[in-house]
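Enquirer: The primary structure of each chain is shown beneath.
2 protein chains.
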Amino acid sequence: MTDKKILLGHGGGGVLSRELIKGLLLKNLDNPILKELSDSAVVGYREKIAFTTDSFVVSPLEFSGGDIGKLAVCGTVNDLVMQAAVPEYLSLALIIEEGLSYRTLEKVVNSVASTARACRVRVVTGDLKVVERGACDKIFINTSGIGRVLKNRSLSLKNIRAGDKIILTGSIGRHGMAVLAGRKELGAGFNIASDCAALNGLLIPVLKKTGAIRFMRDPTRGGIAGVLNEMAEGTNLGMIIEEKNIPLPQKVRVACELLGIDPLILANEGAAVMAVSSEGAGKVLSLLRAHPLARQARVIGAVSKKERGRLILNTVVGTRRVVDMPAGELLPRIC
Amino acid sequence: MTDKKILLGHGGGGVLSRELIKGLLLKNLDNPILKELSDSAVVGYREKIAFTTDSFVVSPLEFSGGDIGKLAVCGTVNDLVMQAAVPEYLSLALIIEEGLSYRTLEKVVNSVASTARACRVRVVTGDLKVVERGACDKIFINTSGIGRVLKNRSLSLKNIRAGDKIILTGSIGRHGMAVLAGRKELGAGFNIASDCAALNGLLIPVLKKTGAIRFMRDPTRGGIAGVLNEMAEGTNLGMIIEEKNIPLPQKVRVACELLGIDPLILANEGAAVMAVSSEGAGKVLSLLRAHPLARQARVIGAVSKKERGRLILNTVVGTRRVVDMPAGELLPRIC
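For the protein sequence lines, the chains are A and B, in the order given.
Residue numbering for the first sequence follows my numbering, starting at 26 and increasing by one per position.
Residue numbering for the second sequence follows my numbering, starting at 26 and increasing by one per position.
Don't take each hint at face value.
Treat identical chains as interchangeable: a pair holds within one or across any two.
[Stated by the list, open to error] Here are the computed lysine to any residue pairs in the SDA-like style, where the Cα-Cα straight-line distance is at most 25 angstroms:
{"id": "1", "residue 1": "Lys47", "residue 2": "Glu123"}
{"id": "2", "residue 1": "Lys176", "residue 2": "Gly236"}
{"id": "3", "residue 1": "Lys163", "residue 2": "Gly48"}
{"id": "4", "residue 1": "Lys47", "residue 2": "Glu157"}
{"id": "5", "residue 1": "Lys163", "residue 2": "Glu123"}
{"id": "6", "residue 1": "Lys163", "residue 2": "Arg208"}
{"id": "7", "residue 1": "Lys47", "residue 2": "Gly124"}
{"id": "8", "residue 1": "Lys163", "residue 2": "Ser84"}
If you are wondering where the hints come from, they were derived from the structure by calculation, not from laboratory data.
Just so it is clear, the structure is predicted and the values come from calculations on it, not from any experiment.
Okay, chain A solo, but in the shape it has when bound (with noise of 0.2 angstroms):
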């Protein structure tokens, strides 16, 4: 193990991030709260506080529908609603190469304060480093947040049942796709928008109004095959999915086809995987298509006692499929 080399697959969030995690930080940064794994942590002061970070090191800056400095603030506020936390503190650590041109800096900085500001967010705290030119990659940016649980909404695998409802809020593989569209090497053809978005303004609302949702996750980095196998894994419940029901763009589609990407597993930015109660399904989906960012909110399939463990996929032909945990690094530098 120890003359291992790291690989871009240990940074995918597939299997090998998950042996990387588990096998060296875990075992020594054990605690409790760490061994959640969520993307964002709770911890209990007289308020419950969700605490976050994230690093963003995505090539290139700026690509359709976003730039490095609206995901860094769309993506650690994303990590806290995911735990029925409302966002309201961030820091912003910034890592530049360098000789980067003044303007590139000051238009990531636009867009962290103008995404802040759209969502709700302050950013508290800060910290710049500047590297040697060759010792970084442009602009690297670490954002850490912390907010405030809402009460009585504690969101968390262990609540998953067989029988809920698994709700997807957008359509998938815009964001994967857009910043493969926007490197050199596959031209701009594709021309397909990420679907970055801060996700707080759609779901706090709804959180605040049902008790309905278990548990949510942000399908970023492994997309929603990541999500619904580490749903699968957590509860040894079969996540069984319906492949007619995932909204999926007829360019995402198109451009999968063409590069031979299979889509579930394309980062998204501006979505969330949900395990409903049954009952509460259908309010959950009114409540959510109200909103401009969700639309397109489905349900996409149902936890079950069968299939424990795995994520299936029934597809639009009538067949089954094992979809697995995503392997490695498929896009390094996606977000």
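Put chain B on the given structure of chain A with help from the hints.
Expert: Chain B alone, transformed into the frame defined by chain A:
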């Protein structure tokens, strides 16, 4: 302005950094908490909570007296302590270069873990990114942290008064010189160990026992010259320090003379500069000296109504020198 390039100096914690922070970041992210430009933010929940972030890009990863993992924990813990906050929870975000040896990563993570255990903070959330070979230099770490602010202990530049004593808790220059000595081009001839240490065990008990401390800052990048200039500028009072009272290890002195470096601008990672009420200084000193990390604590000067906005050094040879804010990047990637 917009055609300027980002220079190494923009990350140096000196004038260029401040220009960039004030001109770009504050302008765009303006809010009263961030405007304090402390290294951490105090945010109001039912209890006051301090929140801070820091990225670590030190090169080499290991140096005498520490490594990037120890530094990342101590640096963030110390930023919280400087706000009179008891450090409790950390996040850990790693950006790793593809091809890094597992053994190196393991060492770094072990160092994070053992330092966190030793200073009783918990890493509760994290993130892991891997970038392709050449897109970063080995490993960068971001640690953000939150802690509970001690009741009735609000430390701020605004509290500083003329007549206050300036206390330094340790010797100067060891961290900066240890990192420099670890670089290949300088050889390992100097044999100076970093002072890298978490200060919560030292300072939280002192803060609990006395309200005499008005302000504290850890003199990292920019050294005590940087911190004392910030104090002078922020209060519009004079900071008058006595060279003979500043603990400067013999090895650091020799290395500084050889290299032509002013030890006042060298980074420290295990010391604090404080403004303390004149009446309370004796008690603070005796409390500090009872702890192994502050045996050398000294009153190094005083706050004055003369020399407003300036840092003045009375030298051992009887001359008087205005010490300016360090201008740019003296020693890149020192933390």
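Enquirer: For every hint, state whether the structure bears it out.
Expert: Okay, the hints, checked on the actual structure:
no.: 1; hint: Lys47 / Glu123; in the structure: between (35 angstroms within a copy, 19 angstroms between copies)
no.: 2; hint: Lys176 / Gly236; in the structure: within (11 angstroms within a copy, 36 angstroms between copies)
no.: 3; hint: Lys163 / Gly48; in the structure: between (31 angstroms within a copy, 20 angstroms between copies)
no.: 4; hint: Lys47 / Glu157; in the structure: between (33 angstroms within a copy, 22 angstroms between copies)
no.: 5; hint: Lys163 / Glu123; in the structure: both (8 angstroms within a copy, 17 angstroms between copies)
no.: 6; hint: Lys163 / Arg208; in the structure: both (15 angstroms within a copy, 24 angstroms between copies)
no.: 7; hint: Lys47 / Gly124; in the structure: between (38 angstroms within a copy, 20 angstroms between copies)
no.: 8; hint: Lys163 / Ser84; in the structure: both (9 angstroms within a copy, 18 angstroms between copies)
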